[in-house]
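Chemist: So the protein sequences, as listed, match chains A and B. Residue numbers 16 to 351, in the numbering used here, belong to the letters of the first sequence in order. Residue numbers 431 to 549, in the numbering used here, belong to the letters of the second sequence in order.
For the record, the hints were derived by calculation from the structure and aren't laboratory data. Warning: the hint list may mix true and false statements.
Okay, the calculated beta carbon distance ranges per label pair [as the list claims (entries may be wrong)]:
(1) A/Met-101 x B/Pro-477: 46 to 54 angstroms
(2) A/Ala-79 x B/Ser-548: 44 to 52 angstroms
(3) B/Thr-488 x A/Asp-293: 29 to 37 angstroms
Pairs of lysine to aspartate or glutamate residues, derived as EDC-like cross-links and limited to a Cα-Cα distance of at most 20 angstroms, are as follows [said to hold, decoys possible]:
(4) A/Lys-162 x B/Asp-537
(5) A/Lys-341 x A/Glu-106
(6) A/Lys-61 x B/Asp-507
(7) A/Lys-341 x A/Asp-272
(8) A/Lys-61 x B/Asp-500
(9) A/Lys-175 x B/Glu-474
(10) B/Lys-498 x A/Asp-109
(11) A/Lys-61 x B/Asp-537
(12) B/Lys-498 x A/Glu-42
C-beta: ideal position from N, C-alpha, C; glycine also.
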Amino acid sequence: MIQGVTLYSFTRAFHQRRYTFEQLVREVAGRGLGPGLEIVGFQSIKGFPVLTDEFTGRFRDLVAETGLTPTSLAANADAGLRRDRMLTDDELVDYMRPQIAAAKALGFPVVRVQISLTPDDMERLLPVAEQHDVTLGLEIHSHQHPKHPAIQALLERYEKLGSPHLGFVPDWGASLRAVPSTLLRRYSELGYSEDLLDALNTTWLEHHREGPPRTEQQHGRWFGQVIQLAHRHGAGDRAIEMAVNLTGLFGHAPVTDWADVLPWTVHTHAKFYEIDADGDEPSVPVRDLVALWKAHGYRGTYSSEWEGFHWNAVDDPFAMVAAEQKLIREALTDGH
Amino acid sequence: MMPETIIESYSVTGSRARMSVRMPWYRALPLSSVADVRWFLDGEPVPRESITWTVDGTTYALDELPPKHDEWWYVLDSAVIEGDAPVENPTGTAVTIALYIPYITTDHGVLLIEESDSR
């Protein structure tokens, strides 16, 4: 078991050109936020999934020099690439091939893949993963969750195929216990009414009581509900963002639901949004999640993923990641 | 995502307006993701048919972007939009960029986000 971080946590610093990719990697090593290093291919590498020999060599040298451990290369299953239609299964499988090859070339043992891939697609990609000796980890990200029919169908196929080259990447954003307070505060600063913020929070709590959505229609209904709510309160300019946040980022899965998929968990996105004065994460039940992971003998990486940057431009992302890593370490030693 | 980072700079020279914009998202997107640009100078719309989009040295009309699913807008690259200026010497500008997010689909279809910034 190791700890680490995804460079996605530092999106703002990278996007604003305050840190280059190489500087971010060095910063992670210098601040002791590794050893695990995860990157998003389409973010960190221009031209991805095509890699130049020069880039590959430079990256491998950087890893050797910093002593970091490449954990997961986050690939994207862009089924909605075209405007005239969705990609066919053949096209989507072909779209993933060079991304899987890129992971091997850069030394990443896990390729994070996404929910557009069906059980059949994963079975067809298995020989590609075997050829490159990498493991495909399908991310379980809100609004999906461990009990979602699409995830259960993948689990069934994994059990049938029984390959160590197939697995899951749980994202803790599927298991929130509260809407992050920093987001509500940000909306308040932007001038949105307390009535709207109360209504957003109340709506999320109603969804929480309903439980994680079992159908796409149920999620679609929730999404539309938040859009309408925002428009009713004069927040039409942020309606889509609010719906994405409330129904797409802040999931409702009970912690115990993850037990089904933990035997197949090959990497973990330790998603978090904020850390309070006591060092805890008020919106993500980090201690409970780590306790379950530990009880199931998880041996992979806890890859800290700070997504608070979406609305929080104030807090230092490196300090945020260090704080969550400390919380995880404490949770790991609880009971010993 | 990060809408306040969209507008880098803008200018009006004669009858043409120019603006440098950043992507309100975190990773490279295909040009087919750029669904729309709605641009205003002092509240007056820049005619949509006059707007061009330039990234990595290649210029397109907005309606030429949807079929370009094999060309990319890298996240660190600024895009330059130009169009017919509806006013001379404007004191402010506003823009909305609509982007399809190709890996997120919901019951409503491929996710289409709209992000706005103003100066």
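Chemist: If a hint holds in the structure, say so; if it doesn't, say that too.
Modeler: Evaluated hints:
Between A/Met-101 and B/Pro-477 the CB atoms are about 32 angstroms apart, so this pair departs from the stated range of 46 to 54 angstroms. Range check, A/Ala-79 to B/Ser-548: about 47 angstroms between beta-carbon atoms, so the 44 to 52 angstroms window is met. Judged by the Cβ atoms, the range 29 to 37 angstroms given for B/Thr-488 and A/Asp-293 is violated: they are separated by roughly 53 angstroms. Simply put, A/Lys-162 and B/Asp-537 have alpha-carbon atoms about 18 angstroms apart, close enough for the 20 angstroms limit, and the pair holds.
Between A/Lys-341 and A/Glu-106 the alpha-carbon distance is near 43 angstroms, which puts this suggested pair outside the 20 angstroms criterion. Between A/Lys-61 and B/Asp-507 the alpha-carbon distance is near 10 angstroms, which keeps this suggested pair within the 20 angstroms criterion. Simply put, A/Lys-341 and A/Asp-272 have alpha-carbon atoms about 25 angstroms apart, too far for the 20 angstroms limit, and the pair is violated. This hinted pair checks out: A/Lys-61 and B/Asp-500 have alpha carbons roughly 14 angstroms apart, not beyond 20 angstroms.
For the suggested pair A/Lys-175 and B/Glu-474, the alpha carbons sit about 61 angstroms apart, so the restraint of at most 20 angstroms is broken. Straight-line distance between C-alpha atoms of B/Lys-498 and A/Asp-109 comes to about 18 angstroms, which keeps the hinted pair within the 20 angstroms bound. Between the alpha carbons of A/Lys-61 and B/Asp-537 the distance comes to roughly 31 angstroms, so the proposed pair goes past 20 angstroms and is violated. For the hint pairing B/Lys-498 with A/Glu-42, the CA-to-CA distance comes to about 36 angstroms; that exceeds 20 angstroms, so the pair is violated.
The earlier numbered hints that this structure contradicts are 1, 3, 5, 7, 9, 11 and 12.
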